[in-house]
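Enquirer: The sequence shown begins at 95 in our numbering and counts up by one.
In short, the hints are calculated from the structure, not lab data.
Misleading hints may appear alongside valid ones.
[Claimed, not checked] For lysine to any residue, the following SDA-like pairs were computed, each having C-alpha atoms within a straight-line distance of at most 20 angstroms:
id, residue 1, residue 2
1, Lys314, Gly214
2, Lys457, Leu426
3, Lys193, Tyr156
4, Lys193, Arg117
5, Lys143, Tyr156
6, Lys143, Leu236
7, Lys499, Val470
8, Lys457, Gly436
9, Lys150, Leu426
10, Lys314, Arg209
11, Lys499, Ala474
12, Lys193, Glu131
13, Lys184, Ser124
14, Lys410, Leu365
[Stated by the list, open to error] For each label pair, taking beta carbons as the anchor points, the in silico distance ranges come out as:
id, residue 1, residue 2, range
15, Pro273, Arg209, 19 to 25 angstroms
16, Pro497, Ser215, 48 to 54 angstroms
17, Phe416, Val447, 28 to 34 angstroms
All C-beta atoms, glycine included, are put in the ideal place defined by N, C-alpha and C.
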Amino acid sequence: MDHADVLIVGTGHGGAQAAIALRQNGHEGSITMIGRERTHPYERPPLSKEYLAGDKPFERIYIRPPQFWADKNIDVRLGKAVIEVDPVGKTVLMSDDSKMSYRKMIWATGGDARRLSCSGSDLEGIHTVRNHTDVERMMGELEGGVKHAVVVGGGYIGLEAAAVLRKMGRNVVLLEALPRVLARVASEELSQFYQNEHRAQGVDIRLEAMVESIIGEDGKVTAVKLATGEEIAADMVVVGIGIVPSVGPLIAAGAAGSNGVDVDEYCRTTLDDIHAIGDCAAHANAYADGAVIRVESVQNANDMATTTAKSIMGDKQPYHAFPWFWSNQYDLRLQTAGLSLGYDQTVVRGDPVDRKFSVLYLKEGRLIALDCVNNVKDYAQGRKLVEARLTPELDVLADIEIPLKSLL
């Protein structure tokens with residue numbers, strides 16, 4: 095049986111950063127990374143942006159060049175998944191029936207794209223945007239002459255995909271089940287702004303639109319049927335309705351967790367010598383007033399990886415990283431600082447008509463987050479206000495003539 099001093103399950107941002115951080119922090123033992131995909135670690139955000147648009151080749155989105163891993167003596171095993179964990183014997187069973195033992199394990203599997211469950215959801219031409227294979231399949235169909243695309247889901251993935259498809263000249267209908275896009279993650283002001291922008295770019299946004307079934311012919315999608323009975327022509331359907339954390343083997347092995355797998359401040363699960371990081375790890379987040387949440391971002395995956403690597407090396411520093419996020423749509427750069435969970439008030443700084451403004455989120459008078467559209471200065475200065483847990487005056491926050499840094 096093969097053995098790894100540290101076994102990393104997952105080759106996304108978290109898994110890759112964990113391996114890098116271990117070496118940076120002086121780990122000299124063996125490191126093995128196990129990945130379901132057959133490609134070396136690469137950046138995920140460009141999949142729904144520059145890569146799908148054809149603006150950036152795959153070679154430019156590698157986290158590190160493939161040779162890097164060999165140079166650092168990191169064993170990368172691709173095309174296999176861990177399907178069973180024995181936390182007592184400290185072994186894992188993989189999808190090719192091989193086994194491996196470990197001293198420490200880092201679970202960094204992220205999540206799988208949530209799929210439609212309605213009739214017709216298995217037809218050809220229905221896509222998610224989660225990995226390289228997904229997007230390669232989409233790009234192949236687009237090159238084959240797709241004209242009518244339906245995007246299901248008005249979150250960031252759906253909006254980013256809609257923007258790229260419009261840039262390519264495709265007809266795009268976007269379906270959102272809730273009364274506004276970005277309803278789970280942003281204010282009404284930001285939702286309205288992006289709805290207006292996408293509609294101005296030619297996207298047909300349908301709100302409170304429920305998908306009843308997918309209609310096809312000869313195994314290929316031809317339309318999306320709504321609960322109202324309306325049928326929308328489609329030769330491609332893009333589904334962006336969230337992810338399902340990939341933690342099945344850990345939960346089956348006895349790890350605690352209901353929404354992902356639970357970890358403590360050092361990213362340790364309830365199973366001995368097993369850490370979990372990234373999208374799949376539920377943790378008490380200080381920027382959400384201690385609520386146990388999963389944060390789906392590159393920042394969170396990378397910072398949890400560094401916390402874990404240091405912990406394994408004996409340098410225990412609790413996870414307390416500042417959360418941030420970004421989204422590119424058309425010529426709009428959105429930068430988010432903090433977590434807006436539970437906000438009870440918003441302040442709009444600037445005029446959305448100018449396509450440069452910020453939405454500031456407050457909870458009981460305290461600034462907890464910002465969404466900044468084409469406004470790097472507000473983002474850079476505002477995140478410091480959030481970190482300082484300030485309770486500024488609302489009229490001062492709204493005044494664009496007053497730099498946010500002056501409130502520190």
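Enquirer: Confirm or reject each hint.
Expert: Cross-check of the supplied hints:
1. Taking the CA atoms of Lys314 and Gly214, the gap is near 9 angstroms; set against the 20 angstroms cutoff, the hint holds.
2. Between Lys457 and Leu426 the alpha-carbon distance is near 27 angstroms, which puts this suggested pair outside the 20 angstroms criterion.
3. Only pairs whose Cα atoms come within 20 angstroms are accepted, and Lys193 paired with Tyr156 is rejected, the gap being roughly 28 angstroms.
4. In summary, the hint linking Lys193 to Arg117 is not supported, as the alpha carbons are separated by about 24 angstroms, beyond the 20 angstroms threshold.
5. Taking the CA atoms of Lys143 and Tyr156, the gap is near 15 angstroms; set against the 20 angstroms cutoff, the hint holds.
6. For the given pair, Lys143 sits about 15 angstroms from Leu236 by alpha-carbon distance, which is consistent with the 20 angstroms threshold.
7. Of the pairs offered as hints, the one joining Lys499 and Val470 holds, with about 13 angstroms between alpha carbons and a cut-off of 20 angstroms not exceeded.
8. Our distance criterion of 20 angstroms between C-alpha atoms is met by Lys457 and Gly436, whose separation comes to about 7 angstroms.
9. At most 20 angstroms may separate the alpha-carbon atoms for a hinted pair to count; Lys150 and Leu426 meet this at roughly 18 angstroms.
10. A threshold of 20 angstroms between alpha carbons decides the hint, and for Lys314 with Arg209 the separation of about 17 angstroms falls inside it, so the pair holds.
11. For the suggested pair Lys499 and Ala474, the alpha carbons sit about 9 angstroms apart, so the restraint of at most 20 angstroms is met.
12. With a C-alpha separation of about 18 angstroms, the suggested pairing of Lys193 with Glu131 holds against the 20 angstroms cut-off.
13. The suggested pairing of Lys184 with Ser124 holds, with an alpha-carbon distance near 15 angstroms, which does not exceed 20 angstroms.
14. Pair hint Lys410 plus Leu365 holds up; C-alpha atoms about 18 angstroms apart against a cutoff of 20 angstroms.
15. Distance hint check: the CB atoms of Pro273 and Arg209 are about 24 angstroms apart, consistent with the given range 19 to 25 angstroms.
16. For the pair Pro497 and Ser215, the supplied restraint of 48 to 54 angstroms holds, since their beta-carbon distance comes to about 50 angstroms.
17. One distance hint, 28 to 34 angstroms for the beta-carbon pair Phe416 and Val447, holds here, with the actual separation near 30 angstroms.
When the structure is compared with the earlier hints, violations turn up for hints 2, 3, 4 and for no others.
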